[in-house]
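Please model the complete structure; the sequences and the hints are all you need to start from.
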Amino acid sequence: MSRLIAVSGKGGVGKTLYSIALTKSLREQGKEAYYINFENQNIPNCFKNNEHIVLSTAGSTSEYITKKLGSKTISNWITDTKFFKAVYGLLPGLSHMIMLGHILDILEKSPHKIIILDSPASGHFISVLSIPNQFKKILKLGAIANDIDRMMALMTNPGFFNIKLLTIPTSLAVQETKETVEQIEKLQFPKPEIILNNSLENIFKSLENPPPFLIQKIENENKLLGTHNFKKIIPYIVSLEPKEIIEKISGQLNE
Amino acid sequence: MNSTTQINIFAGTGGVGKTTLATSKAIFEAQQNKKVLLITIDPSLRLKQLINLENNEGYINKILIKDIINSYGGDHEFSALCFNPLNTFKKITKNHDFDKILQDNRILKILTQPFGAMNEIMAYIELSYHYFSNEYDLIILDTPPGKNFVDFIHVFEKLNTFFNFYFFEIFKYLPSIKKNKNTSIFKKIVNSGIDKALHYLEKVTGPVFIEEFINTISILYEKKDIFLKASTLKDYLNNEKISTIFLTTSIDQIKLEELKELLKEISSYISSKKVLTINKSLSEQLESWAPTNNEEQYIKDHFLFKENKIKNIAHELNLETVYFSENLSVHPYDHLISLINEW
Numbered sequence: 195m196s197r198l199i200a201v202s203g204k205g206g207v208g209k210t211l212y213s214i215a216l217t218k219s220l221r222e223q224g225k226e227a228y229y230i231n232f233e234n235q236n237i238p239n240c241f242k243n244n245e246h247i248v249l250s251t252a253g254s255t256s257e258y259i260t261k262k263l264g265s266k267t268i269s270n271w272i273t274d275t276k277f278f279k280a281v282y283g284l285l286p287g288l289s290h291m292i293m294l295g296h297i298l299d300i301l302e303k304s305p306h307k308i309i310i311l312d313s314p315a316s317g318h319f320i321s322v323l324s325i326p327n328q329f330k331k332i333l334k335l336g337a338i339a340n341d342i343d344r345m346m347a348l349m350t351n352p353g354f355f356n357i358k359l360l361t362i363p364t365s366l367a368v369q370e371t372k373e374t375v376e377q378i379e380k381l382q383f384p385k386p387e388i389i390l391n392n393s394l395e396n397i398f399k400s401l402e403n404p405p406p407f408l409i410q411k412i413e414n415e416n417k418l419l420g421t422h423n424f425k426k427i428i429p430y431i432v433s434l435e436p437k438e439i440i441e442k443i444s445g446q447l448n449e
Numbered sequence: 004m005n006s007t008t009q010i011n012i013f014a015g016t017g018g019v020g021k022t023t024l025a026t027s028k029a030i031f032e033a034q035q036n037k038k039v040l041l042i043t044i045d046p047s048l049r050l051k052q053l054i055n056l057e058n059n060e061g062y063i064n065k066i067l068i069k070d071i072i073n074s075y076g077g078d079h080e081f082s083a084l085c086f087n088p089l090n091t092f093k094k095i096t097k098n099h100d101f102d103k104i105l106q107d108n109r110i111l112k113i114l115t116q117p118f119g120a121m122n123e124i125m126a127y128i129e130l131s132y133h134y135f136s137n138e139y140d141l142i143i144l145d146t147p148p149g150k151n152f153v154d155f156i157h158v159f160e161k162l163n164t165f166f167n168f169y170f171f172e173i174f175k176y177l178p179s180i181k182k183n184k185n186t187s188i189f190k191k192i193v194n195s196g197i198d199k200a201l202h203y204l205e206k207v208t209g210p211v212f213i214e215e216f217i218n219t220i221s222i223l224y225e226k227k228d229i230f231l232k233a234s235t236l237k238d239y240l241n242n243e244k245i246s247t248i249f250l251t252t253s254i255d256q257i258k259l260e261e262l263k264e265l266l267k268e269i270s271s272y273i274s275s276k277k278v279l280t281i282n283k284s285l286s287e288q289l290e291s292w293a294p295t296n297n298e299e300q301y302i303k304d305h306f307l308f309k310e311n312k313i314k315n316i317a318h319e320l321n322l323e324t325v326y327f328s329e330n331l332s333v334h335p336y337d338h339l340i341s342l343i344n345e346w
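Note that the protein sequences, when read in sequence, are chains Y and Z. Going left to right, the first sequence walks through residues 195 to 449 as my numbering numbers them. Going left to right, the second sequence walks through residues 4 to 346 as my numbering numbers them.
The hints are simulated quantities; they were obtained by calculation from the structure and are not laboratory data. Some hints could be false.
Calculated lysine-lysine pairs in the DSS-like style (CA-CA distance at most 30 Å, straight line) [unchecked claim]:
1. 93/Z <-> 331/Y
2. 93/Z <-> 380/Y
3. 227/Z <-> 330/Y
4. 103/Z <-> 372/Y
5. 69/Z <-> 417/Y
6. 380/Y <-> 69/Z
7. 103/Z <-> 232/Z
8. 331/Y <-> 227/Z
9. 442/Y <-> 312/Z
10. 150/Z <-> 242/Y
11. 380/Y <-> 112/Z
12. 437/Y <-> 103/Z
13. 330/Y <-> 97/Z
14. 51/Z <-> 426/Y
15. 69/Z <-> 426/Y
16. 385/Y <-> 112/Z
17. 425/Y <-> 97/Z
18. 103/Z <-> 380/Y
19. 51/Z <-> 276/Z
20. 150/Z <-> 380/Y
21. 437/Y <-> 314/Z
Below, the structure written as structure tokens:
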């Protein structure tokens with residue numbers, strides 16, 4: 195079972211709801227699973243303070259630096275200097291890398307934890323995945339460079355790191371997924387699983403006289419489906435409540 | 004020549020149709036004989052797929068409308084650009100010292116990669132470059148989803164902090180570094196507590212990093228006039244008569260909280276005109292659907308509820324609102340045609 199599961203895909207395909215549902219599903223199977231939103235984006239209010247699901251990564255920078263330097267005083271001092279703030283501000287990739295380092299630390303410390311990482315949309319996800327290598331080129335020596343090697347060893351191991359790309363049955367989403375898979379393989383990370391979200395198949399089958407627009411949508415869906423191999427297909431959930439949608443999706447994942 | 008260039012920005016959460024809408028607007032305006040430039044700064048580059056662009060990032064392409072949509076648009080054309088930060092940087096350094104600079108400085112090379120740290124700053128520079136060229140009647144910007152667009156807006160502040168704060172801090176130490184290039188920089192910086200901080204930082208980053216970083220800063224500082232000129236674009240972005248932000252959402256999205264927050268963030272930074280743009284409306288199709296049993300009624304109610312939820316938000320936000328219907332073809336260029344007709 196993978197320890198770190200990153201969920202990405204085109205903007206708006208349902209990454210957050212799926213990631214929370216996956217976390218719930220794994221918990222229901224007895225696993226110690228946690229959800230982390232990589233970019234501290236909005237998650238549904240009903241889950242915001244749920245400590246059983248959401249792992250907070252506040253303060254990860256100073257924790258990380260403290261660990262590297264062996265002293266909280268020095269760490270605070272450095273993070274307070276204007277020069278350091280300048281470096282940090284000019285290299286936003288640095289904060290992403292520190293976040294990743296922190297997450298991997300958590301996983302190394304607790305061998306039973308599984309983290310579901312709700313990641314940025316495709317374009318920015320590739321950027322995050324590219325960061326460790328980029329920084330390795332700049333920081334050839336030093337504590338961070340060593341960490342990067344460790345990071346990359348973990349993240350290129352399919353037994354440890356699993357990437358799920360979520361998509362929906364539209365032409366632009368499917369094409370973007372294809373491109374993202376290629377980019378991920380080029381970076382030598384594990385081959386992603388592709389998951390189709392919002393499939394209208396179930397609804398369509400349940401209606402005696404579906405309206406023309408639904409007929410058209412299901413035709414489109416079938417055209418796009420023919421070309422791909424999906425690890426899992428998740429039906430469109432007829433609800434407007436995030437909590438209900440998450441329950442239903444996690445039910446699907448438990449099957 | 005006499006009228007000022009207009010700016011249209013399509014912003015919103017992911018998957019609502021920004022790229023398709025931005026392109027349809029470009030085509031619509033081009034058909035009115037306007038000189039239009041369409042720029043995408045979204046690193047996923049969906050625009051490439053939509054208008055069949057060759058692998059030509061960073062360069063302006065002249066697009067004949069009839070090449071995207073068969074037998075459409077007469078001889079009208081518009082210009083399109085897939086933003087690439089490396090090419091923007093090339094423009095700034097005016098090519099001659101470009102290759103050498105990148106060879107010598109790995110930090111800069113990495114910062115200017117697509118998705119690199121300077122992505123948003125370079126995107127801003129690119130936009131201002133074309134705006135001040137006075138070549139176009141209208142520049143349309145297709146942006147990355149939600150939060151990432153906010154990073155772009157923050158560039159205003161970043162540019163300011165960049166030159167007034169960061170540089171000032173770092174350049175305090177530069178004269179002493181430049182004098183003795185061979186001696187370790189740390190030995191030169193003795194009058195401030197920064198030498199100790201750097202010493203510790205060196206443990207974490209390695210010694211070469213600090214030197215290359217300072218070198219990067221000095222290279223960027225040499226080009227400061229370009230950055231400062233770019234920051235004057237802010238005045239045009241804040242002018243309602245020049246700039247419009249089409250804050251886009253779609254009926255199939257339930258990210259209404261994000262929409263409100265995005266609007267709040269945008270409004271606190273930019274005072275351009277704002278238009279709420281609601282895409283993928285199915286109201287006509289829903290109205291003509293007569294359910295024959297309870298199941299069908301349930302589904303219809305669900306879709307109707309979605310339509311109304313967004314319409315209520317529209318009232319709440321008190322913005323000029325425009326609606327676009329969903330086109331049910333599987334082909335994106337059919338979407339384009341129907342959107343063009345609705346402008």
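Verification of the hints:
1. Distance check on the hinted pair: residue 93/Z and residue 331/Y sit about 21 Å apart at the alpha-carbon level, within 30 Å; holds.
2. Restraint check for residue 93/Z and residue 380/Y: satisfied, since their Cα atoms lie roughly 26 Å apart, inside the 30 Å limit.
3. Taken as a hint, the residue 227/Z and residue 330/Y pair is honoured in the structure, with Cα atoms around 28 Å apart against an allowance of 30 Å.
4. For a cut-off of 30 Å, the pair hint linking residue 103/Z to residue 372/Y is broken: about 36 Å separates their Cα positions.
5. Annotation: proposed proximity of residue 69/Z to residue 417/Y holds, straight-line Cα distance about 26 Å (limit 30 Å).
6. Using a Cα cut-off of 30 Å, the hinted pair residue 380/Y and residue 69/Z is violated, with the two alpha carbons roughly 35 Å apart.
7. Restraint check for residue 103/Z and residue 232/Z: the C-alpha separation of about 25 Å stays at or below 30 Å, so the hint holds.
8. With a C-alpha separation of about 27 Å, the suggested pairing of residue 331/Y with residue 227/Z holds against the 30 Å cut-off.
9. Restraint check: the Cα-Cα separation between residue 442/Y and residue 312/Z comes to about 22 Å, which is no more than 30 Å; the hinted pair holds.
10. Note on residue 150/Z and residue 242/Y: the hinted pairing holds, with a Cα-Cα distance of about 18 Å set against a maximum of 30 Å.
11. Distance hint between residue 380/Y and residue 112/Z is fulfilled; the C-alpha atoms sit about 19 Å from each other, no more than 30 Å.
12. A hinted pair counts as satisfied when its Cα atoms are at most 30 Å apart, and residue 437/Y with residue 103/Z does not qualify at roughly 55 Å.
13. This hinted pair checks out: residue 330/Y and residue 97/Z have alpha carbons roughly 29 Å apart, not beyond 30 Å.
14. The straight-line distance between the Cα atoms of residue 51/Z and residue 426/Y is roughly 28 Å, inside the 30 Å bound, and the hint therefore holds.
15. Between the alpha carbons of residue 69/Z and residue 426/Y the distance comes to roughly 39 Å, so the proposed pair goes past 30 Å and is violated.
16. Under the criterion of a C-alpha separation no larger than 30 Å, the hint pairing residue 385/Y with residue 112/Z is consistent with the structure, at around 28 Å.
17. Taking the CA atoms of residue 425/Y and residue 97/Z, the gap is near 49 Å; set against the 30 Å cutoff, the hint is violated.
18. With a C-alpha separation of about 27 Å, the suggested pairing of residue 103/Z with residue 380/Y holds against the 30 Å cut-off.
19. Distance hint between residue 51/Z and residue 276/Z is fulfilled; the C-alpha atoms sit about 28 Å from each other, no more than 30 Å.
20. For the given pair, residue 150/Z sits about 27 Å from residue 380/Y by alpha-carbon distance, which is consistent with the 30 Å threshold.
21. A C-alpha spacing of about 23 Å is found between residue 437/Y and residue 314/Z, which places the hinted pair at or below 30 Å, so the restraint holds.
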